[in-house]
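Novice: Protein sequences, first through last, are from chains A and B.
Per this note's numbering, the very first residue in the first sequence carries number 1; after that it's consecutive.
Per this note's numbering, the very first residue in the second sequence carries number 1; after that it's consecutive.
Misleading hints may appear alongside valid ones.
[Claimed, not checked] Examples of chain A residues lying across from chain B (beta carbon under 10 Å, computed):
{"id": "1", "residue": "Pro148"}
{"id": "2", "residue": "Pro260"}
{"id": "3", "residue": "Asn298"}
{"id": "4", "residue": "Trp353"}
{"id": "5", "residue": "Arg355"}
{"id": "6", "residue": "Asn358"}
{"id": "7", "residue": "Glu433"}
{"id": "8", "residue": "Thr436"}
{"id": "9", "residue": "Met440"}
{"id": "10", "residue": "Tyr450"}
Keep in mind that the hints were calculated from the coordinates and are not lab data.
Nothing here was measured: the structure is a model prediction, and the numbers come from that model.
By construction, the Cβ of each residue, glycine as well, lies at the ideal position given by its N, Cα and C atoms.
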Amino acid sequence: MKKQNFNFSIIKGLLILVAILFSYSQPTFAQDNEGESTEEVEESSDSDSSSDLGDADRGKELFQANCAACHQRYKRSTGPALFGSLDRAPSRQWLYDWIHNSAELIKSGDSYANKIFEEYNQSPMTHFPQLSEDDIDDILAYTEQPKPEPTVADSSDGSSSSAQSGGGGVSNSVILGLLALMLLLLVIVLGLVNKTLSRFAEEKGIPIYKDDKPKQKPLWQMIVENQFIVIMFSVAIMLVGSYWAYFFLMQVGVDQGYEPVQPIHYSHKIHAGDNEIDCKYCHYSARQSETAGIPSLNTCMNCHMAISEVSEETATEEHSKEFYDGEIAKLYDAVGWDPETFQYTGETKPVKWVRIHNLPDLAYFNHAQHVEVGQIDCQQCHGTVEEMEVVRQEEKLTMGWCIECHRTTDVKMEGNKYYEKIHKQLSKKYGVEKLTEAQMGGLECGRCHY
Amino acid sequence: MSSNNKKYWSTIEELEGNEAINKVLQQREFAEEIPIEDFLSDKKTLDSSKTTRRDFLKFVGFSTAAASLAACEGPVIKSVPYVVQPENIVPGIANYYATTIADGFDFSHVLVKTREARPIRIDKNKMSGNKSGTNARVLASVLSLYDFQRLQQPKVDGSETSWSSLDEKIKDDLSKTSGEIVLLTQTFASPTTDKIIREFSEKYNARHVVYDTISEDATLNAFQAKYGRRALPSYNFANAKTIVSIGADIVGDWQGGGHNASYAASRNPENGDMSRHIQFEANMSLTGANADKRILTKPSEQKQVLVALYNNIVKGSTNSGDLSSQLEDAVVKAASQLKSAGKNAILVTGIQETEAQLLALAINEALGSKIIDTDNPRLTRQGNNEEVQQLVKDMNAGKIGALLIAGVNPAYSLPNAQEFIEGLEKVDCSVSFSMKEDETAEKCKYIATTPHFLESWGDVQFTDKDYSLIQPTIQTLFNTRQFQESLLAWTENDTKFYDFLKENWEENILGGSSWNTALHDGLFESSVAESSDENNDNEEEETESINVDSAAQKLLNAEKPKGFELTLYTSTAIGDGQQANNPWLQELPDPITRSTWDNFISMSKADADKLGVKNWNVSNGALNGSYVNLKAGDVSIEKVPVMIQPGQAPGTIGLALGYGRKAGMQEEMQTGINTYPLYKDFKNFQDVSLELTKGEHEFALVQLQNTMVGRNIIQEVSLEDFINKPQDDWNPVPVTDHDHENVSVRSDKVDLWTSFDDTLGHHFNMSIDLNACTGCGACVIACHAENNVPVVGKTEVRKFRDMHWLRIDRYYASEDTFEEEKQALKDLPAFKPYTSIETPSYENPEVAFQPVMCQHCNHAPCETVCPVAAITHGRQGQNQMVYNRCVGTRYCANNCPYKVRRFNWFEYKENDEFDYNMNNDLGRMVLNPDVTVRSRGVMEKCSLCIQMTQATILEAKKDGRAIEDGEFHTACSIACEPGAITFGDVNIEGSEISEKRKNKRMYRLLESLGTKPNVMYQTKVKNLKDA
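Next up, chain B with everything else stripped away, as it sits in the complex (with noise of 0.2 Å):
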């Protein structure tokens, strides 16, 4: 390598060795004078010259003006054509494959809309019912497919390598280690590949240990102490009359998620009758800010509770330990309250330990719950915590050969992340299944890069009768290869995964029904359910040989921690980090905080006061906010930013997981901090010492109008009351002056305008039902998706200039309910400023959450003050936004009471500022092709989707028959699980959104301003009853 004796040459004179004209050039760029004074100085040719500066001038402006003219020539555009097409591809139309999606931390039934074979959407498949939930990351999986971090090729040693000669290497090393093999993954729940996991653990005398990212350890170990087997209960809470969940965020991640609609569901007033739920909680998570009754508990004291409520309920005593007077209140009327309400009710916890988790067991068996379902668990959860502890030892022991680890980064998530790192040094084959450079993967020997899911096969079993399938809906975009498959290679079977698949399918699943069926709908329930004969015999034993009194006085007997509590979550929008790399996740809003790219600790006013840690508003509007450090027994974290959050208990702390991912991520999605190494024992709650530290953190909000100022942007009603009283009494028609009488704003006397004819055609409305919305964000990410919403980073969303067409507003009371607020507005003293009402309560806030997007008035203000007509209003209701006419100026946005109009200030697409999925070729792949780029200079909003309108009519055109109830759509309507947004034509006789318009609860957003919108809202009701 040093002897290099190529020789650089930059001149011919040089490579000849010319030394005069050398010597010149080493000093000066040409080897002669440029004549430019000579010239200039020559007067007497300038002046005979005819053609004068000006005339040059004249001639280069001439030629640039008819250069440009010229280029006005559009450019030859090229178009490939398939060679051979495939058969059920037609270009232009989508397809939809049904899949699943099993990350090892979102399991969920998906439905993948592809054009010309690209994945661009992914929607819930309708078809599983209660079976998964989807959430805002499952929606926002198929833009990871398209991520240029990825890994294109399977490595060597940090080099890139071929498939062949990788399997030689490994297979090679596996048959000449000397340690024991192990293979460390996230959970599969996949029968299949439990298979193959078995074939190679008997070829290899491996071990087979599953890790879970978030632990649901306690749970497992719960229920197999009660009935036998490692799993997690299933819940279906549709017909739930009392909730009680004390720390669980069941709307979020709580155990494995997925219980958002039947969640929902619970919460229907429709038929006079919801389901009452109580939240003891200590941070202010989704669920408790859906809560009936939300009571601020600290971690140590949520084990109280509990064991204060199974004294209640299973002993019959009322003994409730030493809790406060105000808990222990809380705690005798929960009880009777799930007493009474019998077998709806359920009592559900998120505490971490495996007594705790038995406590609710037992609870609900004594409550005789049918809320829970022990019988069909599911299967998506099978972590072992002591295992994988023991392998770390192991590994540091240098007692392993090889690891092979799938679909986990141990180095990244684990709490002992650094033995894991200096234990896997020693062992000699490591061998990382990863799509990205990860953690884990960039200290691993060999990379066998696999495929994203939506490029893959597999299969899923979620509980003992509920099966899935994940087909692909793409060719592979690198040279990756499936876990299966390489385990596959590396058993000598050369059969391929699919076939195997589908074999094993076919033996020992399908029992004769139809394959093409299963894939097609993507799930499949077994009619009958895999013998548990063994498992039922465990029952007995287990059942006998626990103690569930003794557990409960473990729990009493817990330590009593001596700093701040901290209660370690996973974020909607990150979860536990990995799709970090995604911008749109980076950029939805928490839909707590309202914050964005950013993870911090959420600490109550009182505290922050005690520690002298400062939330502040720097001129722009933007938040700012003072930085502590964390210690918590060895470790200890510097500069993490703090947020007061109103509903935080006081003495503790909340904080985020998934965040501070370094490897294998862009740049500017390496945000936050990582919290994983307080994540000891894989334990939510820690012990953690706080001190102010200098410097200021910059946050950014997309919201910062915390109250309503009392006013009905958001209308609510107890249950009670909408049961009993009068519509006008708590959902009246709002009035203006006309004629010094009050008239109903719907009335055209007092309108300005000539009334709009809705009853012509298809007129769509939207109706968002206030108690169904739960506050998940999935409907931002759909609307992404589907109408190539730009992400603009977090400098941009600090400046409020945030693209999404559709925002979660969520609102805190400035006293503890809204209803007070409003008392409080009504009297407050004249010539006093609203702060006081400004500023929310940071006790114990109500909060209530409303999506909003553009309204589509039919009197609409935008509309009115365009100087260049861009937007009009169509006869089915849209306010359409043209951007092709828009010039700019934003009179429109400025008039828009609901500020729903967004503003592209800059080039969002092939701009190297703006470095996210829209300026790389890959990225640009999940791009809808029905819908507009949109450049910049230009205003947008909320369409109502009418690329899917139009769509929908057109393929009943073609068909030649009228379009039924139900087929319209929007992107947001099919992505809320819960079904809070309702989208149709009201000119349908008898259609659902026809229906929701009549219904009581109906009203509309600030309705006394006369714009009449074309979106609705149901008025929210909560259950109050409060014994």
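Looking at chain A on its own, in the form it has when it is part of the complex (with noise of 0.2 Å):
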């Protein structure tokens, strides 16, 4: 009956940090709402605050079509940062007709727009004749908000902040140190409890049982005098040693889901994922070449030329907006950029990145043969990267994987030339319309080690 007892003590004890876990879970999801919500009202507010320049939605609409890829609105990007403009412009009718036609302005000798234009490298703006002087007064009116100053927002919901960029690893570790508190207080309990038991007992006298039956031979030794149970068991266990063994042997040099920490933190979710670039567009070898290619830093630099940081809704709970400029700054400083002046200083650091899919020298891969060729997403080997913060390598890369695909998967003939002949003769001597890699002689040795 006493030990039932325990029993649910201990059943009750976990109930317990159940509840306490999602009373410490369930209001940050509650902040996070309400920080978002701030937001928005906040933005609203601002909009019409300057309502008098023109529609500030709809600016933002156009300013994001026509805009971004040149001007940011607090920061110099390719061109000049668009906040404050109207101040610093001698006119509403000067920035009109510097929209309309920049470099006949320039041309006109104006002397504002010549020193704009000198100061920005001579880089020349693209004219915009088809933006009416309202959709600019609406450009303006976004351009002209205010940036929306930190503090504000750290004193309007700082505990979400915080709550927010400690992410689940402050609650962590309060609902595990809470835990082992809540254990160690179970165990003395416990031994509490069992001691005024055996006081108690002893004072009223019941005997405690001890085990007094007559000495038989322990239960080990009758096993081990039991050759029929030892041969059994000896069996049994070199049948399971040599399955763990097997799998043992047969995972070293395979590095499934390798996720080294890179030199930058670049995130294929942000690129791939929320931006959808494509694949090869950086990667674009691998159209080409046997390799993929790890793209080099200019490439990275016809974006990040003028993203100097990301946006507010990039960051998440695990990385803080800070963090993502943070690696961008990195970048800049491994390709020699300087932000404020927006020239190259020559000065480059090259980035050793870390190699995550490592075929051994003993294989050929060529990425052509099967990007190009025979039109093999990059997902199918590489896994669902648009979805990866940190690549990892998702599949095995064993040859076993390679000659597993070369067998089932069908090879695309349909309008190569090339494969015209091949394919007659094939599927006249198997006596199938499709034919697998493997019927093309894809299993060959000779085809991949050389």
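Quick one: dock chain against chain with the hints and give me the complex.
Specialist: Set out below in structure tokens:
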């Protein structure tokens, strides 16, 4: 009876624990939602304040569509920051003229126009004759919104941001600490109860059972002396042992799940996932060459010359905006780009990436063959990279894995004149219309090992 | 320096001066006793301890096992991409650049394959056609780029310096010197370099002396005397009907080389007509081995033969002086064949006498030969011996104030090198433009370190019409500067050499054509030949002033040598010795002797017997030989090894130049003996005396079997039989017995195996035309470069562990001809050993070459015996060697009838025992990234360059097109200039290779074994028409 009581208390303890856990996690979600909603409120209130210029929401759309490639609101990019341009420019009319045809304005000898042109390395601004003055007003309404003060945000929902930035880290450790404390208490309580009970028993003279059965051979000795069991047992151990040994050896050198930390935290999720950049935009040599190629840093700069910081929405629980901006700064450092002057310094520090997919030298793999000719999606071998914050090796990359695919996948031959003759010959030989790579001879050793 | 007050101390006690401890420490390693004894004698503690010794060992064992298992985890591999990627480089895709090698000895149009901006292979530039030729040295020069013995900085007085300080010092020296300033250079044949040298000479009032290490002075003089300008006649042997050569190594380096392809073209029997080639020579040269008729002629007799031919052809007299009757007969026949061939006849000679070359020119003129072209002569040799010798005299007389040496190494290669070195000491300002600290550079005050030609800009003018460009294919590896750039700097011209070059081309050469096209092609053919009006004027005068008859008389009157007549030659591998630090070339077997890493005297058997010189095989089969001491006038060389050479004219010996270099060379590469001291007056014929001396020399030969023992390994037929007799007579299909009937081995009936379907998809075959193969060895080097074949070194070659995937077997006939050898086998009495037909005829045997690589048998004996199935057969016909499966049983090598498999006895990469290019980072840059570098304990062999065929297939797949004939290549088929090696897909209808398979000359090696090889040979045809 008493024992059962103890069990109940354990279950109770667990229930309490679960309850505490929920009580801690629940408010975090709630605050998240709150934070988002307050931000929205702020934005809309901002747009109200500058409504004399135009419709800021429409201006935002226009800004994103036309201006964002070269301009940022609060920071210099290819062109100047647009916030405050209304004050800087000689007049609003000047702004209209500049946006419609900047070259003409420069040619006309306008001093401010020429000053700006010189200041930004004489890179001419695209003409936007299609933007009406109202459109421009709308854009101005958006760009003239003052930068939301970070301190304001902090004071308004400071608790939420600290909970956010801390992520699950703090709550997790708190839970774990509490758990440990509970367990400790439990042990102490149990000990105390036991002690009290035995004292009661002693005082009341209840005998405490002690083992005083006649001496029998211990169980282990009986087992040891039974030959049949011993043999069965050793056979079983050997079988299990070799089973484990086999699987242990088979995974030697297989780095499935390898997920090293890279010198620059490059998020495929942001680039390939959220922004839907085609894999082959950066890994272009996958279409031409054996290697997919790690993009050179100047490829990054095609976009990052203009994108020096991530938007607020990019930040996640795990990684803050400051973190991502720091990584972009690392890129600038490596490629030798001075974001202040908008110029290359010439001091480069090549990035030493950690290779994730390593085929042994004895195996020849050609990306072009699979990507360009075979039209296989990158994801088939690399997994859903567009969802990976940190890239890992998704597949085993063993020979068995290669062979498996060569055996089962039909080769895409339609429209490729190279295959015409061999397709005719082989489909006749095997009596099939679709040919696998294995039937094409793709299992021959020399196709990959030379 | 001497007052060094630093105090060194090894312990704190010593520093602080703790005397007691210091005293103890002087005697013992530790100040306190280590309580080992106490510990071991304390039985009680030991017994009570729970950790016994055994437990300890167990722990150690477990932790070691755990550590080693943990080590199974792969290492972290870093990848570093470009920061700014060059536009034209795609990682993994090769780029090709056309450029030109012009090192003063080899001049050739080449195409350089680069991967990720590293040159990894050199091919012939096919656009150049017949304008120049490649050879083994040209193809191997890519490895010389990655030579870690190269200088990395300019030097002053032996210590490294910067270019600015070097410039300052040299300019200062040049302006101050009271003596004459002289430029001593190789032949650049470069219009732009000449222009720069002219400008430099004008500024400093300098003299320009051109020095060719291997002189063609005699030819240049003769050509000048007859045609008014110093140049070499051009030859195109392709249409030749009769070729008579007197000591000229046409296939080799004679007159600057490059005649290999056109010579081989004349040997094509397919139209029922091929050239007749008669060779008068003393050494067994590569050309002599290819000749239809080879006549042993001593150097002194060669001059007489030439005069006799001159008398016969030009004078019409039959007076042939005091020639032996045999030679006289040969001369008469040669003369009549020359005359009957008329304009398709050519006579060439390698005798380095102006008179001899004059005679040759006169004979060709009399014949009306169209093979020789004197209107568009070659400019690739311009050296002037007289001026060089005058310079040495002036130096010793103290007249020279500054000497600038570029591209040559006179302190090593001059016959009077010692005199030159003494003279050099009297020159105040000596500057060497050199890649290495060679014999000359180490004695110069300044070394203006130059880049390799693959890192340089430049141009070459081959003839009046043919120009070519040199462009860099890699950023300079070291802090080097081109010769031209230095001269520009010292003439206060701040133009970059590239701009100077481009400007000069656009102004003077291109004539409005595109610079970019010329650079892309690597060559440019000018429509207007450089005006040579003044030369033409001279021509008339000069021609009249020379008297060929008196030249002939002078040749006849030449002093008869008293001792052995030595012929100096340049070997196929080492040439003039510039690239002696190149391990590929050191290990390239000499085509005739099949020897590596060496030079030696070649001597006839008769002379060897007379002198008591021996060659013998030691227990592992390797060849050893005696030494002789050699004396020529005041020069004596001790302990020269002797190899007994079949076909060496008695009374003559041969010896290769270019060996024995020491300075700026890796120790392993310091092979052979420097024979330049014998090259007196730049004459290749010398009079020497020999005497036997003690000791034995170890040769490293890759082939010991010298004859075919009457078998049909190399099939041969005379032109007459080839035309007139049915194929079965001279190229029968081997038969075997089946049901008491002779059945062709090609029939399925006699096959143990099911037949192999070779009609599906691609099926690769290779054809080797034994008529076109001259044995030049270029394919061996190309294979080295493409397939990462390791170099094993002399001692390993001696153990027959050479790794060449492709070898060129050389066979001597045991009688005079192979035909007679076969007859001798038939006539061999029963129970008599084969010895008589196993030894080559030492007099004048017929010679034949046969490139042998893996034959890729459809029924391969190696495949069936491999216990781990590491060799499999692909549908495309390749016998595929899988290194990672191989466990090294070597059963396959044992079962291969062609002996083409190579075993990695050692780790040849990153191993100090094999300190060649694979043992240093620089040398490894030449490795082909598409081919595995094999490790110890695995078999390897020719793969038919599967990486190249697969790449071709992939290109076609990417483009979505069918593959056409001529797209498939192997490294050797590209390298083979004479076109002996043809490679392709037999399932492409009408392809060259499928035609070759149907050719009636086609046979397969040891076909009777039923191995069904995918490599085939084309029967060798010899033109035996004797009159």
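Novice: If a hint holds in the structure, say so; if it does not, say that too.
Specialist: Here is what the structure says about each hint:
Interface hint at Pro148 (chain A): violated, since its Cβ lies 36 Å from the closest Cβ of chain B, which is beyond the 10 Å cut-off. The closest approach between the C-beta of Pro260 (chain A) and any C-beta of chain B is roughly 7 Å, which is under the 10 Å cut-off, so the hint is satisfied. Hint status for Asn298 (chain A): holds, given a least beta-carbon distance of 5 Å to chain B, under 10 Å. A least Cβ separation of about 5 Å between Trp353 (chain A) and chain B falls short of the 10 Å threshold, and the interface hint therefore holds.
Because the closest C-beta pair between Arg355 (chain A) and chain B is about 4 Å apart, less than 10 Å, the hint holds. With 10 Å as the threshold, the beta carbon of Asn358 (chain A) comes within range of chain B, its nearest partner Cβ sitting at about 6 Å, so the hint holds. A hinted interface residue such as Glu433 (chain A) counts as satisfied when its beta carbon comes closer than 10 Å to some beta carbon of chain B; here the least separation is about 17 Å, so the hint is violated. Look at Thr436 (chain A): its Cβ only gets to about 14 Å from chain B, farther than 10 Å, so that hint breaks.
The closest approach between the C-beta of Met440 (chain A) and any C-beta of chain B is roughly 8 Å, which is under the 10 Å cut-off, so the hint is satisfied. For Tyr450 (chain A), the suggested interface contact is upheld, since its CB lies about 5 Å from the closest CB of chain B, less than 10 Å.
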